[in-house]
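Participant: As you go down the protein sequences, you meet chains P and G in turn.
Following numbering that gives the first Met the number 0, the numbering of the first sequence begins with 0 at its first residue and continues without gaps.
Following numbering that gives the first Met the number 0, the numbering of the second sequence begins with 0 at its first residue and continues without gaps.
Any given hint could turn out to be false.
Stated by the list, open to error - Restricting the straight-line Cα-Cα distance to at most 20 Å, the calculated cross-link-like pairs of lysine to aspartate or glutamate (EDC-like) are:
1) Lys282(G) with Glu245(P)
2) Lys289(G) with Glu237(P)
3) Lys291(G) with Asp233(P)
4) Lys223(P) with Glu245(P)
5) Lys320(G) with Glu244(P)
6) Lys291(G) with Glu244(P)
It should be emphasised that the hints constitute simulated quantities derived from the structure, not laboratory data.
The primary structure of each chain is shown beneath.
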Amino acid sequence: MKIAVCIKRVPDTETRIRIAADGVSADEAGVKFILNPYDEFAVEEALQRKEKAGAGEVVVIALGPDAAQETMRTALAMGADRGVLLRADAIPADVLAVAKALAAELKDGGYDLVLFGKIAADDCAQAVGPMTAELLGLPCVTAVSKLELDGGKGVAHREIEGGVEVVEFALPAVLTADKGLNTPRYPALKGIMAAKKKPVEVKPVTFAAPRLRVAALEMPPARKEGRIVGEGPDAVPELVRLLREEAKVL
Amino acid sequence: MTAILAVTEQRDGALRKVSREAVWAARQLADQLGATVDALVLGAPGVDVAAADLGAAGADRVLVAADAAFARYAPDGYAATVAERAKAGGYAAVIVSATATGKDLAPRIAARLDVPLASDVTALGAEGGKVTASRPVYAGKAIQRVVFEAPQGVVSLRPNTYVVGSAGKAGAVESVAAASVPARVTVREVKASEQGALDVAEAEVVISGGRGLKGPEHFHLVEELAKAFGNAAVGASRAVVDAGWRPHAEQVGQTGKTVSPTLYVALGISGAIQHLAGMRTAKVIVAINKDKDAPIFKAADYGIVGDLFEVLPKLTEEVRKAKAG
Ligand SMILES: Cc1cc2nc3c(=O)[nH]c(=O)nc-3n(C[C@H](O)[C@H](O)[C@H](O)COP(=O)(O)OP(=O)(O)OC[C@H]3O[C@@H](n4cnc5c(N)ncnc54)[C@H](O)[C@@H]3O)c2cc1C
Ligand SMILES: Nc1ncnc2c1ncn2[C@@H]1O[C@H](COP(=O)(O)O)[C@@H](O)[C@H]1O
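In isolation and in its complexed conformation, chain P is listed as follows (with noise of 0.2 Å):
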């Protein structure tokens, strides 16, 4: 099995976002970055079907800055054989620009399966899976919790609001990870050495002017200072009057 996987690196989920200069990204200064989460849901799901098949190979594809290669090196690690940096200094905000890219990549790479994270950390946009299969005119199934192949064909479990929907599809295809697929496995320290040696091949990309503009990237609006009604049970009535008379939630 040939497997690609597109990983995205992103701000550490526990750090605190300061608006840069510019007032429309986030300061990168002392951000710890990493894998995308749900990234590593897609590698591991890659390197299962690998060694299940017994014989393949796991390539990960990566669009973003030269620092991207770190975040390449832990997908590696975990057993992925090479990577491909599509390098770009910025990321546009406009994902279709990023589907492309990546599109552009995977066309003629003879995958049977193309795995992408759910959703990414940063942009949050849910969008850049399945824009690249469309792009491909490859089935696609998101935010997939569980996943059965065999031969040619598969069944993918996809929470939707109150239930599951079951999805047939036949290879290639695209998919997205969601939690529940498996449990990513910890680079070994073994990995860790044999992923210094794996290669990475470097690739610039450009892009065409950007179709969404960010103006401008700002905090949450404050919430009001909450306050604290009371202690105990005793404080039970005095909340429930200020849920209706103040809040008018109840």
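Guided by the hints, dock chain G with the ligands onto chain P, whose structure is given.
Facilitator: Chain G with the ligands only, in chain P's frame:
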């Protein structure tokens, strides 16, 4: 004249609440742009379009694309139909709800149309004739404001962010063609979850429990409070989902669901940044925690410091009374 297309969502033939929100948001935007609003319904032939509802929410026209394959979500057919309609109608914006279905559908539409997408939008506007959108990024830690520099754009709209009013439009029903494209993927079955249809992402009230509940056997206390409200769904912190006390579908937060209910009640939840990411846009937040320094109190509008095993039964009783009276 410009127009806005609002894509509605139905399940088992019944329009979902988010549909009226999408139409209402389209109406607000259309009024700023001097545009009209078309609502698109995709469903099986004979789908009950609830046109009066959509007209009240602001639709000038209700377009119905019926196809036997549209009873359930059909990703390829839906995307092709919306894209064909969007192209034909020259809409300035296509608005989809950011539900499980809409988050799958919106990127497909944008890619087919080759137009930009703004996901999970919490506010729409117009600036010099261009559509603008605000959207939470970094799991809600910042808000990004974007401008569409294109004649057309796709937006997915976070549920519960627009409060639907009454627009009193005609909502005249017309039928439009469903695209005939091969289905590359097929939804074979929809399994309903045990918790029933009310999902945390859509409920008006969410009652969430955390590790402070001490064990799965105590979650009936959370469920009873939800029942007392009537319109409430039960949510959970990741700690209790990871412990296997509650299903993942109930998890609120960065790796769970994002909720914007009218009222969010956090019971025995400390208020970690990843939990806050999922619920900070709730209109009113109530926290009950025995630790007066728990970070959740910083986000809460109203807090009670106390043991939830003492506070919760009393609260359930009082809410029940308030609802009855
Ligand atoms: C990448 C990443 C993603 C994450 N995503 C999510 C996410 O999506 N959602 C999420 O929730 N978390 C998420 N987390 C985990 C998060 O950091 C916290 O660990 C988690 O939210 C804690 O859950 P909790 O508040 O239930 O438990 P705790 O932090 O253990 O808090 C329990 C609280 O209960 C109170 N309490 C105890 N007993 C009582 C009592 N008898 N009466 C009243 N109060 C009591 C305590 O004072 C305490 O405040 C994520 C973490 C990471 C690293
Ligand atoms: N710059 C990128 N490089 C590689 N993969 C990406 C990039 N951006 C997004 N992806 C992939 O698309 C998924 C969803 O991202 P998004 O649509 O931005 O939320 C991520 O989990 C990655 O798998």
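Participant: With a cut-off of 20 Å on the C-alpha distance, tell me whether Lys291(G) and Glu244(P) pass.
Facilitator: violated (25 Å)
Participant: So if I understand the rule, the pair passes when the alpha-carbon distance is 20 Å or less; does Lys291(G) with Asp233(P) pass?
Facilitator: Since the Cα atoms of Lys291(G) and Asp233(P) sit roughly 16 Å apart, the hinted pair holds (cutoff 20 Å).
Participant: For the pair supplied as a hint, Lys223(P) and Glu245(P), is the alpha-carbon distance within the 20 Å limit?
Facilitator: Given pair Lys223(P), Glu245(P) holds - Cα atoms ~14 Å apart, limit 20 Å.
Participant: Given the hint that Lys282(G) pairs with Glu245(P), does the C-alpha gap stay at or below 20 Å?
Facilitator: Answer holds: Lys282(G) to Glu245(P) is near 13 Å, not above 20 Å.
Participant: Sort out whether Glu244(P) lies within 20 Å of Lys320(G), counting only the CA atoms.
Facilitator: Given pair Lys320(G), Glu244(P) holds - Cα atoms ~15 Å apart, limit 20 Å.
Participant: Is Lys289(G) close enough to Glu237(P), meaning Cα to Cα at most 20 Å?
Facilitator: holds (18 Å)
Violated hint for the displayed structure: number 6, the only one.
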